[in-house]
Amino acid sequence: MSGIKKFVVGSFDDEAVLFPAVKNVRKAGYKIHDVYTPFPVHGLDHALGLRETSIHTAGFIYAITGTTTALSFMSWVFTKDWPLNIGGKPHFALPAWIPITFELTVLFAAVGMVLTFCYLCQLSPFVKKHHFSSRATDDHFVMVIECTDKTNEEELQSFLKNNGALDVNTQIAESGWWLGRYDREQKLYREELGY
Amino acid sequence: MSLLKYESQLREPLVDGNKNYHQVTEDIIAPIEMKPSKLWYVGFYISVALLLFGVYSIYREVTYGIGQWNLNKTIGWGWDITNFVWWVGIGHAGTLISAILLLFRQGWRTGVNRAAEAMTIFAVMCAGQFPIWHMGRVWMAFFVLPYPNTRGPLWLNFNSPLLWDVFAISTYFTVSLLFWYSGLLPDFATVRDRAKTKFRKMMYGVAAFGWTGSTKHWQRFESLSLVLAGLSTPLVLSVHTIVSFDFATSIVPGWHTTIFPPYFVAGAIFSGFAMVQTLLIIVRKVLNLQEYITISHIEKMNKVIVLTGSIVGIAYLTELFIAWYGQNPYELAAFFENRGNIFSPYGWSYYLMMFCNVVSPQLFWSKKLRRNVTVTFFMSIIVNIGMWYERFVIIVTSVYRDFLPSSWSTYYSPSIYEIGFYLGTFGLFFTCFFLFAKYFPVIAVAEIKSVLKTSGANYKMKMSDIEKTDAEKFYIDEVEHAH
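Protein chains in written order, with the numbering used here: chain F, 1430 to 1624; chain G, 16 to 498.
This is chain F alone, in the form it adopts within the complex (with noise of 0.2 angstroms):
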């Protein structure tokens, strides 16, 4: 998976200029790597043929572990190890659990499924990306596109010039899961740049 790449990089200021670039590039043949933006910009997963996240079923899964942690050890703790009498009410007082079971239920869900999100889209404090504009969090509409062996660089930028692109140019970056992209120095702002 990971490896240096060579990109091309073009950046769009409109997300109706970018619809139509994205659906060239990909009738063209070339292989988006990502698009960068600074918002989410609807229906671009779709238009990038990326297929549905399923993070909320594992947000479900979660849940019911949640539930069932919670039951069974109550249930455990009230009805075998520790039977506890409490005004003479049942051992298993199953309306009484059911607070708990609920609060556990959705902590479960929420602590796991922000875990698997931040895994998944490799997010931690000190990760080091590769960040190929710095106005993707702010104005730009970033694509990104991998280069190949048969890839014509000069081609594909006017290629996306053409297609709207305001800024395009190559940059080499490492591309893979987790440890593969700590490759630079991440540079700071500047005006004169515009990146």
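I should point out that these hints are in silico values taken from the structure, not numbers from a laboratory.
A quick note: this is a predicted structure, and the numbers were derived from the prediction, not measured.
Check the hints yourself; a few may be wrong.
[As the list claims (entries may be wrong)] Stretches of chain F that chain G covers, calculated by requiring three or more beta carbons in the stretch to come under 8 angstroms of a beta carbon on chain G:
no., segment
1, 1494-1506
2, 1517-1527
3, 1537-1544
4, 1548-1558
[Claimed, not checked] Restricting the straight-line Cα-Cα distance to at most 20 angstroms, the calculated cross-link-like pairs of lysine to any residue (SDA-like) are:
no., chain 1, residue 1, chain 2, residue 2
5, G, 216, F, 1554
6, G, 231, F, 1585
7, G, 231, F, 1436
8, G, 315, G, 393
9, G, 382, G, 397
10, F, 1452, F, 1585
11, F, 1557, G, 221
We treat Cβ as the ideally placed atom computed from N, Cα and C, and that holds for glycine.
Here the structure of chain F is known, so what remains is to put chain G in place on it, guided by the hints.
Quick look at chain G alone, frame taken from chain F:
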């Protein structure tokens, strides 16, 4: 492919002024990059001073015991639990805005959700202090957790509402924090990417967790936010329901009522929105964010205030009616003597509560007053006072005269350290909030950008031109050609 979603001209814009994506970043992030104003320092140091007073009060309480507070045998819960319920209630508005309004697809939440969620987290932090320090031997606080121990193991009483509270509050805090922080990641990345100093680049780089804005990440991010909102919605309702169970499952007249859960939840949202108004009216002024937190936002929140205030009012009247209808002498005494009789020792607090929570919010039926910032600010303070008194009334007037008249307590008034503890939580709250306002993007930048082209003032203007020409074209095509 048409990318622009159409939004009716009748809806007020959510973002005023002539904005583009970069301008949004600039407006919201700029205060982080500047030196804080003098006013900020003044406010911050006052908060820290209050916090230190609170720390000293707690030091007294821990060293000399609970006797430092003026609680007695009948009033075992006084200011501390009043303050606990008050702070937890305030937290609820943040979750309502961030979660419930997300599920209801209310676009206006984008302007206020970040600050409201921050308020939730800080309020819950303050709330948690009260039951913890009320334990007295606070070094034993971990006894509330179900861990294998050498005392049997003697587990906890899972049937007790007080233990449910432990789970509810800690889950609420954790989930709110995760929800808030996951939303902050893209905005921290924005600050990081425009940082001009190494230190800021590093700090916000760490805080942003290496966020890039990849399409796949956004897709997961949106799914995550939606599910977290779905989880937080029942969670926030459960939290104040469980807090109300602390009272409702007892047999104390005045507490022993089934109306408590919905009544507490409505009251929580009511007081929370009041606190959001107090904070945001200051924030929008100080940080110059009037174009993002508009009068229309304030008006919408005032509508929530008048709605929930009226629900609370109905709950008060229902309680009185049920007490009369049930004809239980103890219940009657709790409601019509201890509360309803203005000349009884605490009668005044009941009428103060009625005035602040039920009568005064009715002003907001008037559109002019709803859209008036000064009126809103004063009302928000009044509502906060009223909601504090509601908890005080529920707690103190129900217990100060118990079933045994010989132990009826003398007039309860808090000690200086009880008041100090309360002021200390204000210190904690505002210290956190000042730091938040300085170092965090107080408005969700990415979310504002995502509604900018449908709800920004300048884009709506352009839309109205298209709308006009389209309507004419439609008329020519459809109506005239038909004839």
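Status of the hints after comparison with the structure:
no.: 1; hint: 1494-1506; result: holds (count 3)
no.: 2; hint: 1517-1527; result: holds (count 4)
no.: 3; hint: 1537-1544; result: holds (count 5)
no.: 4; hint: 1548-1558; result: holds (count 10)
no.: 5; hint: 216(G) x 1554(F); result: holds, 13 angstroms
no.: 6; hint: 231(G) x 1585(F); result: violated, 23 angstroms
no.: 7; hint: 231(G) x 1436(F); result: holds, 18 angstroms
no.: 8; hint: 315(G) x 393(G); result: holds, 17 angstroms
no.: 9; hint: 382(G) x 397(G); result: holds, 19 angstroms
no.: 10; hint: 1452(F) x 1585(F); result: holds, 14 angstroms
no.: 11; hint: 1557(F) x 221(G); result: holds, 9 angstroms
Consistency with the previously given hints fails for number 6 only.
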